[in-house]
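Novice: Chain by chain, the residues run as shown.
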Amino acid sequence: MRVSHFLSSVLLAGSLVGCSLVPEPELPPPPSPYTNLPGRTSTLSGVVYDPEAFFFLLANWPSDPEHPEDGAPPALYDGVPFLMYSSVPEAGISVLAPDNSVGGRTVGSFTGSWQLSGVPSSNTVAYTARATPPERGVVLGEGYMDPEAPPPPVTAPAGTYYPTTTLRPIVPHSTLCQLQVATMVGDAGALQAVANTLTDMGTPTTVADLMNPEKTAGVALLWVYAPSYELDIFTIPAEGIAAEANMGKLLAIEWAPPEEGIPGQSPMGYMAIPEDGAISSLGYYAVVLPPKKDVTDKLRVSFIDTVTSEEGDFPRPWVIPPVEQDIREGVSFGRVFSFPGGEPPPVDETEDPVPFPESNSQCYPE
Amino acid sequence: MNRLQKTLLLCAVALASGCDVFRVEDSEGTRGRGAKAFDPYSSSASGAISLSLLGYNGCAMLPNGEPVALGSSLDPSLFNYPATCERPDMAFAPGPIPPIPPFAQMNVTPGALYFLREFSVVHSVFNQHTDFNDRTAPAKWIRKQSRFKNLDWSGMTMSRDEWRTLNNRGLFQRETYFDNAAWMLSTDDEFKLEVLDASGNIRVSETYKRTDFLAENSTTGRTRVSWMVMGIGRPEYPGDTTVHLSDLFGPPMHQTVVKVSMVGSTNPFKSFRMPDLTGEGVIRITWSLLPNEPFLFPVNFVKEQERAPTCYKLGADGLPDDTQTVPCGFGLQQTVKIAPPQNGKFHVPGETVDFQIALLDGDGNALHPRDTLPSFNEYMGDMSNGLLYFNDSMLFPFRDASSSEAGYKLIGPLQDLQVVNGTYELPYFAFPQSSEPKYYLDPGSQYYGGGGDIHPATRLTVKLPTNAKPGTYSIMLKGHRYFMGERLNRLDSFFFQVGQEQATTYPGTVGNCQVCHNGVNSMTNVHHGVSVDHVETCKTCHNDESIGFLPDAVHRIHMGSRKYKQDKADCTLCHLTRESTLRPSIKSCNGCHPGAHGTEYFDLEFQPVHITPNAYGNCANGCHALKPPTSHNLPRN
Chain A
1 MRVSHFLSSV LLAGSLVGCS LVPEPELPPP PSPYTNLPGR TSTLSGVVYD PEAFFFLLAN
61 WPSDPEHPED GAPPALYDGV PFLMYSSVPE AGISVLAPDN SVGGRTVGSF TGSWQLSGVP
121 SSNTVAYTAR ATPPERGVVL GEGYMDPEAP PPPVTAPAGT YYPTTTLRPI VPHSTLCQLQ
181 VATMVGDAGA LQAVANTLTD MGTPTTVADL MNPEKTAGVA LLWVYAPSYE LDIFTIPAEG
241 IAAEANMGKL LAIEWAPPEE GIPGQSPMGY MAIPEDGAIS SLGYYAVVLP PKKDVTDKLR
301 VSFIDTVTSE EGDFPRPWVI PPVEQDIREG VSFGRVFSFP GGEPPPVDET EDPVPFPESN
361 SQCYPE
Chain B
1 MNRLQKTLLL CAVALASGCD VFRVEDSEGT RGRGAKAFDP YSSSASGAIS LSLLGYNGCA
61 MLPNGEPVAL GSSLDPSLFN YPATCERPDM AFAPGPIPPI PPFAQMNVTP GALYFLREFS
121 VVHSVFNQHT DFNDRTAPAK WIRKQSRFKN LDWSGMTMSR DEWRTLNNRG LFQRETYFDN
181 AAWMLSTDDE FKLEVLDASG NIRVSETYKR TDFLAENSTT GRTRVSWMVM GIGRPEYPGD
241 TTVHLSDLFG PPMHQTVVKV SMVGSTNPFK SFRMPDLTGE GVIRITWSLL PNEPFLFPVN
301 FVKEQERAPT CYKLGADGLP DDTQTVPCGF GLQQTVKIAP PQNGKFHVPG ETVDFQIALL
361 DGDGNALHPR DTLPSFNEYM GDMSNGLLYF NDSMLFPFRD ASSSEAGYKL IGPLQDLQVV
421 NGTYELPYFA FPQSSEPKYY LDPGSQYYGG GGDIHPATRL TVKLPTNAKP GTYSIMLKGH
481 RYFMGERLNR LDSFFFQVGQ EQATTYPGTV GNCQVCHNGV NSMTNVHHGV SVDHVETCKT
541 CHNDESIGFL PDAVHRIHMG SRKYKQDKAD CTLCHLTRES TLRPSIKSCN GCHPGAHGTE
601 YFDLEFQPVH ITPNAYGNCA NGCHALKPPT SHNLPRN
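For the record, the sequence lines run as chains A and B. Each residue of the first sequence is one higher than the last, beginning at 1 in our numbering. Each residue of the second sequence is one higher than the last, beginning at 1 in our numbering.
If you are wondering where the hints come from, they were derived from the structure by calculation, not from laboratory data. Keep in mind the model is a prediction, meaning the values are calculated, not measured. We put the CB at the ideal spot given by N, CA and C, even for glycine. One thing to keep in mind: the hints can contain errors.
Unchecked claim - Using C-beta positions, here's what the derived DEER-type ranges look like:
1. A:F356 / B:S72: 47 to 55 Å
2. B:T323 / A:E351: 51 to 59 Å
3. B:Q105 / A:D70: 28 to 36 Å
4. B:T278 / A:D146: 30 to 38 Å
5. A:A158 / B:A93: 32 to 40 Å
6. B:K140 / A:E351: 41 to 49 Å
7. A:D64 / B:I100: 21 to 29 Å
8. B:H244 / A:E239: 30 to 38 Å
9. B:L113 / A:P365: 54 to 62 Å
10. A:P274 / B:P465: 53 to 61 Å
11. A:P274 / B:T323: 53 to 61 Å
Between the sequences and the hints, there should be enough to build the whole structure, so can you do that?
Specialist: So, in structure tokens, the structure goes:
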């Protein structure tokens with residue numbers, strides 16, 4: 001074999017497999033992985049519904065007498081009829097920063113879901129969602145009404161709906177803030193009951209008056225719920241919760257079937273109790289603020305659970321965080337969740353750690 | 001040529017040809033090498049499209065679980081196809097739900113060259129065999145009543161009887177496997193694929209051998225014959241015949257299933273051109289082991305030029321331009337753009353990693369707008385340009401092991417990645433810390449009010465810990481797509497630096513997958529689609545048995561495979577270091593050696609991952625380190 005043949009063989013073998021006998025030169029450094037990206041924004045999504053209609057439907061929905069346990073849960077799950085038929089179609093949704101700047105606005109879907117992109121991400125700015133009724137008016141659950149199917153067994157009384165601020169801070173530290181709940185209420189619920197009671201108490205009042213900043217800086221409707229079994233999905237009215245406000249007129253809200261015809265009842269059956277210190281059997285309260293010019297402070301409403309019990313899934317008294325918020329004019333609604341009481345389980349220092357499921361998309365304040 | 005010359009020549013050739021063998025970087029048929037080496041799974045760039053055919057309880061099914069309808073123009077008397085179908089997600093309903101008329105459409109592209117990559121058909125019943133101590137009843141159903149009753153079940157026997165934790169709070173499932181039936185061991189059977197036009201005429205045909213498929217292993221969601229009880233407490237002692245119910249689950253769920261699933265074509269050149277038809281037709285698969293019971297997959301022929309412009313061109317910045325829509329193509333590519341760190345060179349501990357993903361088809365067009373991904377409802381409605389999301393009905397009733405979970409995980413530094421045994425305290429950073437990736441859309445989101453309409457964000461952030469160690473970190477994207485019959489899994493890594501500019505790499509303890517997984521069977525084309533370059537990232541998710549403990553799963557996949565041709569006692573093939581083999585545990589060894597210690601360590605197998613002692617515990621120091629099993633060939637160093 002000639003040397004040239006040998007070398008040819010080596011080179012041929014090398015070329016066939018794409019390598020050589022000489023050491024490979026060092027590869028150039030990889031290109032930078034970085035790219036300039038525009039300012040970060042967050043996408044908010046959720047559902048908009050009337051919580052008063054939700055409860056009305058829950059209280060009136062027929063149950064299967066043979067399987068009452070098979071009823072839908074009082075929760076904001078997809079397909080739960082109380083949510084479906086209390087959903088607000090095509091609501092205007094905007095999110096407002098504390099300085100009243102608008103973080104973004106959108107229009108919800110026909111079935112009440114909404115998604116808002118482009119809200120500037122922030123670890124500190126707490127937005128609140130404001131739901132506005134469409135110009136054509138609100139037909140609750142319209143997106144689920146099939147004209148060719150039988151109507152639902154119960155529908156909530158119709159009413160005029162008002163732009164409603166939901167008292168739940170949304171801090172968009174994540175780029176996706178999902179399962180945000182926006183609320184909208186109208187004059188078929190507690191607002192009418194409040195107006196009726198104030199009138200009975202000697203101050204002639206209409207629901208329109210409650211929206212007038214010259215007469216009140218706003219009305220805050222605060223519904224205290226039992227601890228939720230999952231996230232803030234379960235909306236079970238909490239009985240026996242006392243409330244105290246730092247300003248305005250605090251009224252306990254009760255409910256009875258509208259057909260009982262109790263004086264002062266609203267079309268949905270809500271009533272406002274005039275007595276000071278009354279405790280709502282639903283955990284539902286309204287605060288009518290003084291005229292705007294007289295308000296210089298945040299609204300503070302504290303809650304105390306008056307019940308002591310070791311029974312049930314969550315021992316009582318429950319712990320209920322106070323509401324402390326600047327109230328915008330018009331009506332605001334707060335879904336206030338209780339937390340289980342009692343001593344937290346002792347920490348076992350010998351226990352090895354288990355990671356919590358990662359969840360940063362609720363966008364609560366950190 | 002004299003002896004010396006011959007020897008020198010052989011040495012030279014061997015030296016030259018061998019220089020690539022032990023490199024683990026970019027040495028196999030990974031995507032990106034398509035230009036050099038034909039990669040049949042590179043979609044339109046490959047010249048052939050991989051075809052997946054799925055069926056559930058007698059009906060064809062899309063990978064979102066929706067049953068495929070026989071086209072309205074097709075004569076039902078010509079095609080023996082069910083008028084009603086069961087959906088896999090019906091298994092979760094509290095009561096019996098009657099089958100429904102199927103409604104989904106399976107589109108294919110006429111004129112395109114396809115090859116059969118996957119054939120997966122399932123017959124599953126729920127809560128039909130509920131006697132915890134009676135394995136005969138499910139076995140009888142399997143052999144005598146299931147849709148696969150006419151297979152040759154001779155030789156079927158009970159094999160593994162496994163308990164698996166569902167959480168760390170005492171909730172388990174028990175699954176009894178039935179194996180060794182004659183049809184399961186067959187190697188000479190065939191699948192004849194025929195494309196029929198609306199009149200029932202055969203327009204094209206191709207036959208695939210059983211041996212043309214790479215994988216049939218239940219560990220990766222393929223062929224499975226089993227009976228499972230889900231949602232119960234652990235047995236109190238070996239042989240305990242009592243069902244221990246759990247408050248965490250309610251009534252247990254029972255599934256009896258026969259899944260026939262072959263995937264991964266080893267011969268993608270055995271392709272066929274989808275006939276140039278319009279309207280509707282049927283793909284018929286006739287399995288030689290069930291010659292009189294063909295499987296029908298109704299299809300809708302959609303010409304390439306008829307595809308709606310639902311994808312997006314990329315703008316100059318490489319991100320989707322929402323104003324320019326184009327028709328989608330086949331394939332799935334994943335991209336990440338990372339915002340520069342504050343110092344412009346590397347992220348520092350405590351800094352937030354800010355990145356934007358874009359998921360593209362094989363032609364480089366985006367499958368979604370710039371800022372958001374499709375919603376779950378769009379995915380279920382086949383309006384997501386093929387992007388798939390986590391879908392529990394595919395994982396449980398259909399028994400896929402990885403089919404639709406889309407998300408990401410951020411890990412690092414690479415040099416610290418190692419298997420963890422029985423702890424959640426990782427020696428490296430991982431977000432999320434738990435085994436699952438962070439899904440773009442949280443599993444179950446669709447069950448919340450409005451959740452089905454959530455459009456996940458494409459811009460994502462992860463805050464690094466203040467004690468993040470320096471080195472190279474990786475953002476791993478896991479993606480799935482189904483488009484015009486092509487079902488793809490992708491898992492890609494994108495790197496950035498933390499704490500230093502100098503790059504670091506994996507520990508290099510395992511590898512060599514390319515020895516077998518090359519070319520058409522490259523790692524990027526099997527299961528999750530992780531390149532062999534990055535196999536040391538597998539352990540960052542598979543760190544407990546809830547989703548498969550890697551040392552257990554990877555041994556099961558290979559040692560339990562009829563396709564694995566290597567010496568099963570030769571650890572040196574995959575283990576690159578001796579140290580990596582000297583960490584035996586019940587979990588690591590049980591896949592091949594079930595019951596090796598009898599019931600001696602029975603209790604350990606039911607201990608949670610993070611409670612010591614448990615089945616992840618190191619047996620080495622006690623028994624097996626000083627004298628490793630002599631039947632295993634370990635690396636010397």
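Novice: Of all the hints numbered above, which does this structure not satisfy? Sort the numbers upward.
Specialist: No numbers; nothing is violated.
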